[in-house]
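Novice: The chain contents come next:
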Amino acid sequence: MNKLPLTVAVSGLNNTDNPGPGIPFIRAAKESGRFELKIIGLAYENLEPGIYMRGMTDAVYKMPYPSEGKVAFLDRIRYINDKENIDVLIPNLDAELHTVMISEKELGELGIKTFLPTLKQFEERHKSELEKFGEKYGIKVPRSFPVSSVSDINRIPKDFDFPLMVKGKFYDAHIAYNKEQVISHFNKISAQWGVPVIVQEFIKGTEVNVIALGDGEGNTIGAVPMRKQYITDKGKAWGGITISDQNMIDLTRNLIAAVKWRGGMEMELIKTINGEYYLIEINPRLPAWLYLAVGAGQNLPEAMLLMALGEKVPPYTSYDIGKMFVRYSYDMMVDLDDFQKISMNGEI
Amino acid sequence: MELKKNLAISDTGFVFDANSGESYSLNPIGLEILNYLKQGLKDDEIREKIMEKYDVDASTFDLVYFDFIRTLQQFDLFEKS
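Top line first, the protein sequences correspond to chains P and X. With the working numbering applied, the first sequence corresponds to residues 1473 to 1820, in that order. With the working numbering applied, the second sequence corresponds to residues 1315 to 1395, in that order.
Think of the hints as simulated: they come from the structure by calculation, not from any bench. Hints are supplied without guarantee of correctness; some may be wrong.
As the list claims (entries may be wrong) - Keeping only pairs whose Cα atoms sit at most 35 Å apart, straight-line, the calculated DSBU-like set for lysine-lysine is:
hint : chain 1 : residue 1 : chain 2 : residue 2
1    : X       : 1319      : P       : 1612
2    : P       : 1795      : X       : 1319
3    : P       : 1708      : P       : 1612
4    : P       : 1592      : P       : 1708
5    : P       : 1795      : X       : 1356
6    : X       : 1367      : P       : 1700
7    : X       : 1394      : P       : 1604
8    : P       : 1660      : P       : 1813
9    : X       : 1318      : P       : 1700
10   : P       : 1708      : X       : 1394
11   : X       : 1319      : P       : 1676
12   : X       : 1318      : P       : 1676
13   : P       : 1708      : X       : 1356
14   : P       : 1700      : X       : 1352
15   : P       : 1732      : X       : 1356
As the list claims (entries may be wrong) - Part of the chain P face toward chain X, derived, beta carbon under 7 Å:
hint : residue
16   : 1543
17   : 1699
18   : 1715
19   : 1716
20   : 1717
21   : 1794
22   : 1796
Idealized CB from N, CA, C, for every residue including glycine.
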């Protein structure tokens, strides 16, 4: 089979203790065998490890922070596109998704394709909107209360029993056992990620996750459930295993069918001792552990790239159960010249 | 009581619950008992088989056996009745 020449720009090269999905996405795309790939890395920090990982990217460009807005984003993308001629853009970080979504028309004019949820889908699954989302789609969710100031903390409903979860709108989650801890977590999270901060009821049980890909027409192209086996102090999976749980698959398929979800997603669920599932979060992109799905037989990045190009992709119907991943850290040696290039020129 | 169907039991005593992702390790007697349970043997039949093979009296066996069963229940390894 002839390989399809394809230039893909990918962000999320932060393979740190808070890893982004960029490098596993690139790894999966390269292993697909369907494409003759040129990978353009998009980075926000000079020390994102993916910048320096040999054989992963063909070029890397620094990007303006998403907070700088659409104009700065598009200016930079135009510059990169003039040099690299991007076919598909895969944003992998929650904080940049909104900017990319509202730029889809301009990206299209540049010949750059994406495969993202619609703005409506993106907005309605926000942590602060999760209760309404659960009601609308008939999914159990913990009650939550958005907090935008310290005084809001006094308005948390009295029947919210401690412990409570305090969560940032994009990242970060801490457990609070009393009001003082809620205030402390609120101050820390709001300083880093802004408001609202979400105070959520704590659901006791086992955290389980599903990675999935929707085609935007209600079909689930792939779905793999996983249980975290090793969790870092940032709450990130450092080890995980695929599990056989038809309830989780059904929940995912029903949700994707109802929402007509387009693109990658990660559902974070709590399974209680009574076998009930509570949705605690939907991340609107493939997660950093996406390579586990590839290892289990579902190359979702390959499917996503093909769908971005307008191809019909048949759904995956099975995956290997009991497939594990274990992360590791590794010290790469980096030439000062590379660091200098990315620091001074913003490209390498 | 019926063991969960998606329980994978290896010859070495490694047990994987595909539904929860949990894994356990058993000693040889634990493995033998779990295999009897998987074959659908009743408590009396398991007692008889173990007593035939090993030097153990019924009351000692029952004490240890039902403690083992409670542990399996605690780990949610039986089908819900």
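Novice: The structure should be examined with respect to each hint, and the outcome stated for every one.
Specialist: Consistency of the hints with the structure:
1. 1319/X <-> 1612/P: holds (27 Å)
2. 1795/P <-> 1319/X: Distance of about 18 Å is within 35 Å: holds.
3. 1708/P <-> 1612/P: Distance ~23 Å between residue 1708/P and residue 1612/P Cα, so the pair holds.
4. 1592/P <-> 1708/P: Given pair residue 1592/P, residue 1708/P holds - Cα atoms ~27 Å apart, limit 35 Å.
5. 1795/P <-> 1356/X: holds (33 Å)
6. 1367/X <-> 1700/P: Given that 35 Å is the threshold and the Cα spacing comes to 41 Å, the pair is violated.
7. 1394/X <-> 1604/P: Status holds; Cα separation ~32 Å.
8. 1660/P <-> 1813/P: It holds: about 34 Å lies between the C-alpha atoms, which stays within 35 Å.
9. 1318/X <-> 1700/P: With Cα atoms ~21 Å apart, residue 1318/X and residue 1700/P stay inside 35 Å; holds.
10. 1708/P <-> 1394/X: holds (32 Å)
11. 1319/X <-> 1676/P: Status holds; Cα separation ~26 Å.
12. 1318/X <-> 1676/P: Since the Cα atoms of residue 1318/X and residue 1676/P sit roughly 23 Å apart, the hinted pair holds (cutoff 35 Å).
13. 1708/P <-> 1356/X: violated (44 Å)
14. 1700/P <-> 1352/X: Status holds; Cα separation ~28 Å.
15. 1732/P <-> 1356/X: Violated, at about 49 Å.
16. 1543: violated (46 Å)
17. 1699: Holds. Min distance 3 Å.
18. 1715: Holds: closest Cβ of chain X sits about 4 Å from residue 1715/P, inside 7 Å.
19. 1716: This hint holds: residue 1716/P lies near chain X, its Cβ roughly 4 Å from the closest one there, short of 7 Å.
20. 1717: holds (6 Å)
21. 1794: holds (6 Å)
22. 1796: violated (9 Å)
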